[in-house]
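Q: Sequence:
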Amino acid sequence: MHGYSSSSEDSDNDYRRNRHQPPPPANDKTKVKKKKLPPQITINRVWKRFSKKQFSKALAVLPFDPVPPPIVSERANELLSAGYERAAEECRRKVRKIIQECRRVNMRYRDPGFDLDWDLKMEKGHCLNSLGRTKFDLSATTNPDATVPKAVKRVHEIFEQPKFMDKVSGSDVKQGSLGDCWLIATFSGLANVEDGIKRICVEYDTKIGIYGFVFFR
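For the sequence shown, position 111 (counting from the first letter as 1) is numbered 110 according to numbering that gives the first Met the number 0, and the numbering increases by one without interruption.
Don't read these hints as lab results, they were simulated from the structure. Since we're looking at a predicted model, the values are computed, not measured. Be a bit skeptical, because a hint or two may be false.
[As the list claims (entries may be wrong)] List of simulated lysine-lysine pairs, DSSO-like, C-alpha gap at most 27 Å:
hint : residue 1 : residue 2
1    : 173       : 149
2    : 120       : 134
3    : 96        : 162
4    : 47        : 35
5    : 47        : 34
6    : 134       : 123
7    : 206       : 166
8    : 166       : 47
9    : 93        : 152
10   : 162       : 197
11   : 206       : 173
12   : 51        : 197
13   : 162       : 51
14   : 152       : 162
15   : 197       : 152
16   : 162       : 149
17   : 34        : 120
18   : 206       : 149
19   : 134       : 149
20   : 96        : 197
21   : 123       : 51
22   : 47        : 33
23   : 173       : 197
24   : 120       : 206
25   : 152       : 134
26   : 162       : 173
27   : 166       : 152
28   : 51        : 149
29   : 93        : 206
30   : 34        : 93
31   : 134       : 173
32   : 166       : 149
33   : 120       : 152
34   : 93        : 197
35   : 120       : 166
36   : 96        : 152
[What the hints assert, rightly or not] DEER-style ranges, computed between Cβ atoms:
hint : residue 1 : residue 2 : range
37   : 89        : 166       : 27 to 35 Å
38   : 102       : 168       : 13 to 21 Å
39   : 188       : 146       : 28 to 36 Å
40   : 183       : 134       : 18 to 26 Å
Glycine is no exception: its CB is placed at the ideal position from the N, C-alpha and C atoms.
Please model the complete structure; the sequences and the hints are all you need to start from.
A: Below, the structure is given as structure tokens:
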């Protein structure tokens, strides 16, 4: 025994075993602290779930003025001149608001309901094939030699110094291949009336590429 009791030896052995035992496994429920991301990255990740890389046509357009228009019966006996001024002022307000927004984001105006450029690039044909009787096949397998428009150009991309509403004359009109003779004849007639075109195109910006027209019915 060498002067040691059995109980002392057992205690020493237990101590050595406990000393070399590995620590207990960590609790699986322990939460790992996530790295805090900048606010902008967090916002981008959230919006990425709801955004698409390809453009799509808007299903609804919110009105610029949330106030509902007055009832038709309130202006049943309204003079024609008063009705025109009201419609012209509303058109000016909408066009100016669009111009202000386009200048803020530094881009030209694109009509979401009739965007020929997007329509051609996305090979949809919704706008292009509704202009005339000719139907174009805009699929990717189209023969490159086929008579399909290859690009869409805006006015500033075609003319170096485009002019609009400058010395308007009825002889300026030249009809193309579309069956729009009634519209061309109307513009030719208005061009022969002093300020006739200016009364229907009440607000515009050639640099932004937006034109506000007022039509009668």
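Q: Against this structure, judge whether each hint is valid.
A: To see whether the hints hold, each was checked on the structure:
1. 173 x 149: Holds - the C-alpha atoms of residue 149 and residue 173 are around 23 Å apart, at most 27 Å.
2. 120 x 134: holds (16 Å)
3. 96 x 162: Roughly 23 Å separates the two Cα atoms, so the pair holds.
4. 47 x 35: At roughly 19 Å apart (the allowed maximum being 27 Å), residue 35 and residue 47 satisfy the hint.
5. 47 x 34: holds (20 Å)
6. 134 x 123: The hint holds at about 12 Å.
7. 206 x 166: This hinted pair holds, its Cα atoms lying about 19 Å apart.
8. 166 x 47: violated (50 Å)
9. 93 x 152: holds (25 Å)
10. 162 x 197: holds (14 Å)
11. 206 x 173: Measuring from Cα to Cα gives roughly 23 Å; hence the hint holds.
12. 51 x 197: violated (41 Å)
13. 162 x 51: The hint is violated at about 38 Å.
14. 152 x 162: Cα-Cα ~16 Å, so holds.
15. 197 x 152: holds (25 Å)
16. 162 x 149: Measuring from Cα to Cα gives roughly 25 Å; hence the hint holds.
17. 34 x 120: violated (41 Å)
18. 206 x 149: Since the Cα atoms of residue 206 and residue 149 sit roughly 24 Å apart, the hinted pair holds (cutoff 27 Å).
19. 134 x 149: holds (15 Å)
20. 96 x 197: Given that 27 Å is the threshold and the Cα spacing comes to 20 Å, the pair holds.
21. 123 x 51: Status holds; Cα separation ~17 Å.
22. 47 x 33: holds (20 Å)
23. 173 x 197: holds (19 Å)
24. 120 x 206: Cα-Cα ~23 Å, so holds.
25. 152 x 134: holds (20 Å)
26. 162 x 173: holds (16 Å)
27. 166 x 152: Cα-Cα ~25 Å, so holds.
28. 51 x 149: Status holds; Cα separation ~25 Å.
29. 93 x 206: holds (17 Å)
30. 34 x 93: Given pair residue 34, residue 93 is violated - Cα atoms ~46 Å apart, limit 27 Å.
31. 134 x 173: holds (23 Å)
32. 166 x 149: Not OK: residue 166 and residue 149 at ~33 Å, beyond 27 Å, violated.
33. 120 x 152: It holds: about 12 Å lies between the C-alpha atoms, which stays within 27 Å.
34. 93 x 197: holds (17 Å)
35. 120 x 166: violated (36 Å)
36. 96 x 152: Given pair residue 96, residue 152 holds - Cα atoms ~25 Å apart, limit 27 Å.
37. 89 x 166: 27 to 35 Å: At 29 Å between Cβs, range holds.
38. 102 x 168: 13 to 21 Å: violated (32 Å)
39. 188 x 146: 28 to 36 Å: Holds, at about 33 Å.
40. 183 x 134: 18 to 26 Å: holds (23 Å)
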